[in-house]
Amino acid sequence: MSGDGEPGGPAWTVLAPAGDRFEFVDLDAEGTETARATLTAAELPALVATRVRTRWVWADAAHAYGRMLVAGARVARAWDLRLCRRILRSAVDPDGHGALGPYDAWDGEAAPAQDEGLFPLQTGHAPRTDEAVVELRRQLAALGGAPDRGRLRMLLHGESAGALVSEEMHAAGLPWDAAVHGRILTEQLGPRPAGGGVPARMAELAEEVRAALGDPSAILDSPPKLLRALRRAGLPVASTSKWELREYEHPVIEPLLTYKRLARLLTANGWAWLDEWVQGGRFRPVYVPGGVVTGRWASSGGGALQIPKLLRPAVRPDAGWVIVDADAAQLEPRVLAGMSRDLALAAAARGRDLYAGVVASGAVATREEAKYAMLGAMYGGTKGDSGRLVPRLRRAYPTAMAVVDGAAAEGERGGTVRTWLGRTSPAPDAAWLALSSDAGAEGAPPALRDLARRAAGDRGRFTRNFVVQGTAAEWALCWLAGIRSRLHAMGEATGPRAERSGPVFAARPHLVFFLHDEVMVHTPAEHADAVIAAVQDAAAEAGRLLFGTFPVDFPLDVDIIGTARAD
DNA sequence: TCTGCCGGCGCG
DNA sequence: AAAGCGCGCCGGCAGA
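Take any residue in the first sequence, note its place counting from 1, add 117, and you have its number in the working numbering.
Keep in mind the hints are simulated off the structure, nothing from the lab.
Any given hint might turn out to be false.
What the hints assert, rightly or not - DMTMM-like, lysine to aspartate or glutamate: derived pairs with alpha carbons at most 20 Å apart:
{"no.": "1", "residue 1": "LYS426", "residue 2": "ASP444"}
{"no.": "2", "residue 1": "LYS500", "residue 2": "GLU529"}
{"no.": "3", "residue 1": "LYS359", "residue 2": "ASP392"}
{"no.": "4", "residue 1": "LYS342", "residue 2": "GLU371"}
{"no.": "5", "residue 1": "LYS426", "residue 2": "ASP265"}
{"no.": "6", "residue 1": "LYS500", "residue 2": "ASP444"}
Claimed, not checked - Derived Cβ-Cβ restraints for the label pairs, each shown as a range:
{"no.": "7", "residue 1": "PRO562", "residue 2": "GLY504", "range": "54 to 64 Å"}
{"no.": "8", "residue 1": "GLU160", "residue 2": "PRO543", "range": "13 to 23 Å"}
{"no.": "9", "residue 1": "GLY532", "residue 2": "GLY267", "range": "56 to 66 Å"}
Glycine residues also receive a C-beta, built at the ideal position from the N, C-alpha and C atoms.
Using the sequences and the hints given, assemble the complete structure.
Below is the structure:
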């Protein structure tokens, strides 16, 4: 293979699984093919090992990289064609060069893993890697014509690195102690009922609720029926949400709220969840990088992004290992300071507590006010304390507020907005545009105008939040990618191995969890300090990558979860 | 019996 | 104390 002649390997290797083998095409930096071959899974690790600088290209990491990891091959860099196309489609002016063309098949969802038709564009005579090579060249050409290609390239690299991390975390799994989880369930619900009946504690609470309502046949699991039962008992509630119930003084409230909490625990993360999602001491959720329009990750199955705090004690490292748990404090307002270049907000963000900094600046009186005002600024709060406090923030931080206010105004007009690195918000759909134009027509009925005004407001709050949430997601991608490369550079450890984490990660620190602004790293205990340093370094680097020398801090809260945790 | 919508609630 | 943004998942329910 001629590509092996270059130090660190070829610039690009386009790879696709083909049955139980893998076919690949090497390209040089100019995109010219230099080699191609087909390999068995067993041959992959040796190939990857010689290519430390190669960027691996595939249609979809979930399809290609997941199999590589099982085969024991980990790559350093990647280009995920499907994720990159989604960003480039809206980032590149479609009327400009038309560089991406109408190949909508690349914009769709990932193909099911067992689907041989992963490349929907395959014409029947071309090898599937050739389709990917064509798409890669198309994307690079589009990127070359993009206005702010430096940032956009960083976003595409970050997005693709995120896809690597998501596959690696799925392969390694989050260490999950089913016995601790079971103990929590038993404490809360009572013993597991045989045959899937109602747990004892819930049955007791249901009886208390029925007694307090004076209604022995009241049904608690159906909101409409529960609502009627509450009203019959004299409670003038409009819904059965706990937010509203909380406001009433009545003997039914406390047992009912407890019942609802336990019902939620049982259905969302009860014994059935444990049976389905935890095997061999690992929880392996399916992450969906870029699954949210803002660029945040989504998840599919297992509710990985909704693990209740109550169950956090079930996260436990293997013997001889620890879990480093780090989250970025007040990430979104800090990102807003960076992207707006607002020096006053950046000054308030100096140090650990941004809200304390806002109070110290005199903008508001208390930390709680600072928190709600900031929430209102980023989400578009209009009512209550939040709406009342936002104008004070506008006076104290006009530069930062101009960014979110401007994004809201653009959204209300029907325009699109962009994150700091260049992810574009979706355009309004046909129904929104139709409503907007109908309501703007001469003689439109007031009710229609109200509807349109509300839709405009909704969209303004969406675009307002899009720029902040999306840029925070970009910071997090840079953070993740930086942690990943630093952990790999640390090398393998001696001592006990985490065999359940798979061949690539059994002896080295590795990421096991990511949730918007939080990461967990499972590491041999001897490396814990080095991991903390890596996570801190990566956070500082993420800030520099996005905002250069602009002085905004990104402090982390870091915890170590040990084997012998006392909870 | 299946499918899609909705209320409700967990997470950030 | 606010209820403004973004998700996924569950059970119930109405309509096919």
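Structure-based check of each hint:
1. For the hint pairing LYS426 with ASP444, the CA-to-CA distance comes to about 14 Å; that is within 20 Å, so the pair holds.
2. Restraint check for LYS500 and GLU529: satisfied, since their Cα atoms lie roughly 18 Å apart, inside the 20 Å limit.
3. Only pairs whose Cα atoms come within 20 Å are accepted, and LYS359 paired with ASP392 is rejected, the gap being roughly 29 Å.
4. Taking the CA atoms of LYS342 and GLU371, the gap is near 19 Å; set against the 20 Å cutoff, the hint holds.
5. Note on LYS426 and ASP265: the hinted pairing is violated, with a Cα-Cα distance of about 41 Å set against a maximum of 20 Å.
6. The suggested pairing of LYS500 with ASP444 is violated, with an alpha-carbon distance near 30 Å, which exceeds 20 Å.
7. Evaluation of the 54 to 64 Å hint for PRO562 and GLY504 yields a failure: the beta carbon distance comes to about 28 Å.
8. GLU160 and PRO543 have their C-beta atoms about 43 Å apart, which leaves the hinted 13 to 23 Å range violated.
9. About 24 Å separates the C-beta atoms of GLY532 and GLY267, a value inconsistent with the hinted range of 56 to 66 Å.
Taken one by one, the earlier hints fail for this structure at numbers 3, 5, 6, 7, 8 and 9, listed in ascending order.
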